[in-house]
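Construct the entire structure; sequences and hints are all you get.
Residue numbers (numbering that gives the first Met the number 0), protein chains in the order written: chain Z, 0 to 278; chain C, 0 to 526; chain X, 0 to 324.
By construction, these hints were calculated from the structure, which means they are not laboratory data. Certain hints may be false.
Unchecked claim - List time: in silico DSSO-like cross-link candidates among lysine-lysine, alpha-carbon distance up to 30 Å:
hint : chain 1 : residue 1 : chain 2 : residue 2
1    : X       : K161      : C       : K504
2    : C       : K462      : C       : K115
3    : X       : K91       : C       : K193
4    : C       : K92       : C       : K469
5    : C       : K216      : C       : K193
6    : C       : K92       : C       : K207
7    : C       : K115      : C       : K168
8    : C       : K216      : C       : K92
9    : C       : K526      : X       : K161
10   : X       : K62       : C       : K126
11   : C       : K474      : C       : K69
12   : C       : K98       : C       : K506
13   : C       : K69       : C       : K193
14   : C       : K287      : C       : K268
15   : X       : K91       : C       : K204
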Amino acid sequence: MKHFLTRLLRQPAGAIGALMLLAIGVLALGAQWFYPGDPWAMVTDPNLPPLSPGYPFGTDMLGRDVAAGVAHGARVSLLIGTIATVVAVIVGTVLGAVAGYSGGWVDDFIMRFTEIFQTIPGFLLALLMVAIFGPSIYSIVGAIGVISWPAVARLVRAEFLSLRTRDFVKAAVLGGQSSARIVFRQILPNTLSPIVVAASLMMATAILLESAISFLGLGDRSMITWGFMIGAGRTTLLQSWWLSAVPGVAIFVTVLGLNLLGDALNQALSPRRREGASA
Amino acid sequence: MKKAIRQLAFALGTALFASVAFAQAPRDGGSLNLIVTPEPPTINLGNGKLGPSSFVGSKIYEGLISLTPKLEPIPRLAQSWTISPDGKVYTFKLRPGVKWHDGKPFTSADVLFSFKQYLPATFARTKLIMGQTASIEAPDDLTVVFTLKQPYPAFMYIFEATGGTIMPKHLYEGVTDYRTTQVNNTIVGTGPFKLGEWRRGAFIKLVKNTEYWDKGKPHLDNLFFHIVPDAVGRSIAFESGKVDAIRAGDVENFEIARLAAAPGVALTKAGWEFLQPIGFLNMNLRNKPIDDLRFRQAIAHAIDRQFIIKNIFSTFGEPVNGPFPGGYVFRDTTVETKYPYDPARAKALLDEMGLKPDADGTRVSLRLLPLPYGETWQRLAEYTRERLNAVGIKTTIVATDVPGWFSRASSGDFDLAYNFVYLLGDPAIGVSQTYLSTNQLNRGTAANIDGYVNRDVDALLIKAEQETNKTERAKLYSQIQKTLSHDLPILWTHQMVMPTVYRTKVKNLISTGLGMNENFADVWIGK
Amino acid sequence: MDRLIFLARRCIKAVLVILCVIAINFALIRAAPGDPATILAGEAGAVDAGFVERIRQDYGLDKPVPVQLLTYMKQLLTFDLGESYREHRPVKEIVLEKLPATLLLTLSAFVFSVIVGVSLGIAAARRAGSLLDTLITAGSLVFFAMPLFWIGLLAIVVFSMKLGWLPPYGMSTVGAEFTAWETMLDVARHLVMPAVTLGLFYVAIYTRVTRAAALEVMDQDFVKTARAKGVPEGRVWRRHILRNSVLPVITFISLQAGHILGGSVLIETVFAWPGIGRLAFDALFQRDYNLLLAVFFVSSVMVVLFNLIADFLYSLADPRIELQT
Numbered sequence: 000m001k002h003f004l005t006r007l008l009r010q011p012a013g014a015i016g017a018l019m020l021l022a023i024g025v026l027a028l029g030a031q032w033f034y035p036g037d038p039w040a041m042v043t044d045p046n047l048p049p050l051s052p053g054y055p056f057g058t059d060m061l062g063r064d065v066a067a068g069v070a071h072g073a074r075v076s077l078l079i080g081t082i083a084t085v086v087a088v089i090v091g092t093v094l095g096a097v098a099g100y101s102g103g104w105v106d107d108f109i110m111r112f113t114e115i116f117q118t119i120p121g122f123l124l125a126l127l128m129v130a131i132f133g134p135s136i137y138s139i140v141g142a143i144g145v146i147s148w149p150a151v152a153r154l155v156r157a158e159f160l161s162l163r164t165r166d167f168v169k170a171a172v173l174g175g176q177s178s179a180r181i182v183f184r185q186i187l188p189n190t191l192s193p194i195v196v197a198a199s200l201m202m203a204t205a206i207l208l209e210s211a212i213s214f215l216g217l218g219d220r221s222m223i224t225w226g227f228m229i230g231a232g233r234t235t236l237l238q239s240w241w242l243s244a245v246p247g248v249a250i251f252v253t254v255l256g257l258n259l260l261g262d263a264l265n266q267a268l269s270p271r272r273r274e275g276a277s278a
Numbered sequence: 000m001k002k003a004i005r006q007l008a009f010a011l012g013t014a015l016f017a018s019v020a021f022a023q024a025p026r027d028g029g030s031l032n033l034i035v036t037p038e039p040p041t042i043n044l045g046n047g048k049l050g051p052s053s054f055v056g057s058k059i060y061e062g063l064i065s066l067t068p069k070l071e072p073i074p075r076l077a078q079s080w081t082i083s084p085d086g087k088v089y090t091f092k093l094r095p096g097v098k099w100h101d102g103k104p105f106t107s108a109d110v111l112f113s114f115k116q117y118l119p120a121t122f123a124r125t126k127l128i129m130g131q132t133a134s135i136e137a138p139d140d141l142t143v144v145f146t147l148k149q150p151y152p153a154f155m156y157i158f159e160a161t162g163g164t165i166m167p168k169h170l171y172e173g174v175t176d177y178r179t180t181q182v183n184n185t186i187v188g189t190g191p192f193k194l195g196e197w198r199r200g201a202f203i204k205l206v207k208n209t210e211y212w213d214k215g216k217p218h219l220d221n222l223f224f225h226i227v228p229d230a231v232g233r234s235i236a237f238e239s240g241k242v243d244a245i246r247a248g249d250v251e252n253f254e255i256a257r258l259a260a261a262p263g264v265a266l267t268k269a270g271w272e273f274l275q276p277i278g279f280l281n282m283n284l285r286n287k288p289i290d291d292l293r294f295r296q297a298i299a300h301a302i303d304r305q306f307i308i309k310n311i312f313s314t315f316g317e318p319v320n321g322p323f324p325g326g327y328v329f330r331d332t333t334v335e336t337k338y339p340y341d342p343a344r345a346k347a348l349l350d351e352m353g354l355k356p357d358a359d360g361t362r363v364s365l366r367l368l369p370l371p372y373g374e375t376w377q378r379l380a381e382y383t384r385e386r387l388n389a390v391g392i393k394t395t396i397v398a399t400d401v402p403g404w405f406s407r408a409s410s411g412d413f414d415l416a417y418n419f420v421y422l423l424g425d426p427a428i429g430v431s432q433t434y435l436s437t438n439q440l441n442r443g444t445a446a447n448i449d450g451y452v453n454r455d456v457d458a459l460l461i462k463a464e465q466e467t468n469k470t471e472r473a474k475l476y477s478q479i480q481k482t483l484s485h486d487l488p489i490l491w492t493h494q495m496v497m498p499t500v501y502r503t504k505v506k507n508l509i510s511t512g513l514g515m516n517e518n519f520a521d522v523w524i525g526k
Numbered sequence: 000m001d002r003l004i005f006l007a008r009r010c011i012k013a014v015l016v017i018l019c020v021i022a023i024n025f026a027l028i029r030a031a032p033g034d035p036a037t038i039l040a041g042e043a044g045a046v047d048a049g050f051v052e053r054i055r056q057d058y059g060l061d062k063p064v065p066v067q068l069l070t071y072m073k074q075l076l077t078f079d080l081g082e083s084y085r086e087h088r089p090v091k092e093i094v095l096e097k098l099p100a101t102l103l104l105t106l107s108a109f110v111f112s113v114i115v116g117v118s119l120g121i122a123a124a125r126r127a128g129s130l131l132d133t134l135i136t137a138g139s140l141v142f143f144a145m146p147l148f149w150i151g152l153l154a155i156v157v158f159s160m161k162l163g164w165l166p167p168y169g170m171s172t173v174g175a176e177f178t179a180w181e182t183m184l185d186v187a188r189h190l191v192m193p194a195v196t197l198g199l200f201y202v203a204i205y206t207r208v209t210r211a212a213a214l215e216v217m218d219q220d221f222v223k224t225a226r227a228k229g230v231p232e233g234r235v236w237r238r239h240i241l242r243n244s245v246l247p248v249i250t251f252i253s254l255q256a257g258h259i260l261g262g263s264v265l266i267e268t269v270f271a272w273p274g275i276g277r278l279a280f281d282a283l284f285q286r287d288y289n290l291l292l293a294v295f296f297v298s299s300v301m302v303v304l305f306n307l308i309a310d311f312l313y314s315l316a317d318p319r320i321e322l323q324t
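In structure tokens:
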């Protein structure tokens, strides 16, 4: 473990990525401490520009503190990103594992199912789902999860397909281990690394998707998220540019950090592994 | 003496010459660039009554009259009219020599067709008002007579271009379903402009009708309606010179000041005298504790409506304390009950009702439905939430898109809902619809969705609709305002002021009470 | 011959997939609260009772959903995509009006991103570990991490408002009377910002994938052999490395097809580009079922087509791959 961490952080990408995420993480966890109270509260004069005394990122048209919004928004955006990713990973891994291990018609059936979901244009489907269930945190998380799992499923299936034929698995089968045991004890641990890498990238995409959904006006109105702030500030872009710019930078830092970390993880976990696609 | 007279004559002559020389005569030619948003589903004003359809269609189709800023009728397809002394018979003399865009002549048969068959099928408002008629007849090609069952002084207002669109009968021979027929896609009117090209998603081009009945008009050669789905894009369109005028609602209010400050640009608040939009908060009287007057009064005291006008609507609004905004006929501010911003009083009222705050400070929880049109209304909802939370009314904003909003508002699935309504020139048309107890759910969002039932007000409203004597009518409406502003079935937030920003080279852009919904025959572009 | 059979089987599977997609979307769309009747009624302001019911009957919305689905499927067989509730026009007409705009946008973005992405990826791989490599990798990541609509907005403010180089929105200059050649140039000028903005996102992906694939191929024995035999470096790259690096890129391309269509919704909104992405978005908000379903249908067909082409190209590029059925 220590060896792994050193390898991870020795790479510049890993170090920078980890640092960025740490910063955002601290902001998110400490939001209540840095900016106590309600980020929606109207605290001062409206439309203050950035670097105003006490309000480093300025205020919006109702006099709300942009910095407070970014800090509290960090929690929600990271939360949405994490949960959506977890949902997608769990669903995708289960389906991919079953397909990859079972083979035959089960595999075929699951793959057709996956293909259907990959054929429907993802973003449109997400919008549709949010429209159906009403814009709320749950529907957004669900929608993002629903359009992200196919990629994980294919990845896991490919891994399972290749690992299934390996010697150590054959030995376990001969040794009389049950299928479940084999899957969980033998194969799954070996597929963790590509899943983790995929998850980190997926989280970045989830955060971008959430911001796009909020931007189009379908975000949850009771939770302040970065995407919502960009969308809300969009119509004032020509005068209060900071309302959209600042949360945009926050998204950028987070997504970039996740990508760098994901790259570094990839290197650290499997220096000899093939990078890039396993379709 | 003679010399003095000569000097005077010379001075007068010079002055006269100067005034004639410098008074600008309308220039013919040129194109006017406007924005229409969102892209209208149709520009047939007969079956497209929404804002964008109305904006474009009003240049192609006409009604019998138009209205001055004081809402007096102006002749259009009707040259003159008389109303019988008992107020029941309206006789219109139609304009001779008018041709449809396809060359066929316009006659009283078209008017009969429009009001007896077409409009009642496509437009609920016209259907409702034509329901007041006992008969509609055309004694000859150029005369139409409407006989009412009882007097209805608001009757004239239905005849402007949107409510009383005159449709070409000859196109609709054999058609049974006027709402869905494909014939509606053939755009033929009598107006100063014809359809040139509609490039979907890009623009609508209208071209001059050279056979227009008002000789010498229109002055403009073309009208271009740019279709720009994005609000920032619309601001940029005006700023960069691509577009010559923007209507209220094209861009957010907070952009207006900046856009109007540019050189060669002017701002006007005129042109909404007929539509008279008023913004308000619907409160569902069927739900507890909203049915208690004290609760509604608490809400009224909890919200600072001056802040709303100044900060959220960027000063484009006027305070109102009742259903009649400023400039509306029969408005009587002397009888209004005012509920000033006073959060302490709000809390006291809630205490009085027995709604004590719990550990979190919450006395009661409510759902607020925001109007889903643009960021300004979202900010309004968020502001309201904060103010109500502050007095212990925990408010959740129900996130919804436009269809969801319609669905909930018209079915009564809400506690509080923001809304605005056009008052349409006369309270018989614009006010009754919202307060008559018989006009409740599933009749659209301008209806009595709050569920207000007050038989006295009902009786007054119906009586006032039929009262021909202006003084008597005024008294009735005063009484109605007094009751409504006290009872607060609705919390009126503000009279909406709708700014129009335009380049000063555009002349006569807004000359009647219909504003930008006028037919633009008089508009011209100077140097 | 083998190839043809392969294609035929894939086509049949594709049709089945599309039918399933339609059925799923059909059900989902109708699950959304509010239907066209409610909206039409709401927009009319004040109506009488029964108005909503009459509209529902007109459009067959009062029948049970499975019946509606069957009716729709039947119509689909004759390529009748139904009528739009709002515009009272055949949906096919509306979609065909806007489809070329989206195709132009997405294909341009796609070509841009592939060319730029692959070139950068190869350049980075050739000088792996150098400053250029780091710059390229970092730079492409930067655009990947920024929200698409944000870049679009900034681009408009900078390139259109401040610098005045490019038009701020739309596909063509309104009302201008251009010759055919001038029209093409006009559209091209309008196309630059939206296509590049949409494409920048994918540049990152293709750069990384190409770079990774090239690095791996470079390590392989047959490349080392070629170099040992004295084949000129340029030839090594073109003949061997490039050809083999392209494989994973092709895989990724087929995966991105659906995403690009999604991205087009955002870009078409920000730049007022009259395409089907924005059409779908508006149709969703107006619960214009037929229109929305048609866009899903067209998009799915495009994705399936893309996949088929990608598979075919893949099999051409690497004869070692067996055509799986």
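Consistency of the hints with the structure:
1. X:K161 / C:K504: 25 Å, holds
2. C:K462 / C:K115: 26 Å, holds
3. X:K91 / C:K193: Answer holds: K91 (chain X) to K193 (chain C) is near 26 Å, not above 30 Å.
4. C:K92 / C:K469: With Cα atoms ~25 Å apart, K92 (chain C) and K469 (chain C) stay inside 30 Å; holds.
5. C:K216 / C:K193: 13 Å, holds
6. C:K92 / C:K207: 26 Å, holds
7. C:K115 / C:K168: Status holds; Cα separation ~11 Å.
8. C:K216 / C:K92: 22 Å, holds
9. C:K526 / X:K161: Roughly 27 Å between the alpha carbons, so the hint for K526 (chain C) and K161 (chain X) holds.
10. X:K62 / C:K126: OK: K62 (chain X) and K126 (chain C) at ~28 Å, within 30 Å.
11. C:K474 / C:K69: 21 Å, holds
12. C:K98 / C:K506: 27 Å, holds
13. C:K69 / C:K193: Roughly 29 Å separates the two Cα atoms, so the pair holds.
14. C:K287 / C:K268: 40 Å, violated
15. X:K91 / C:K204: 23 Å, holds
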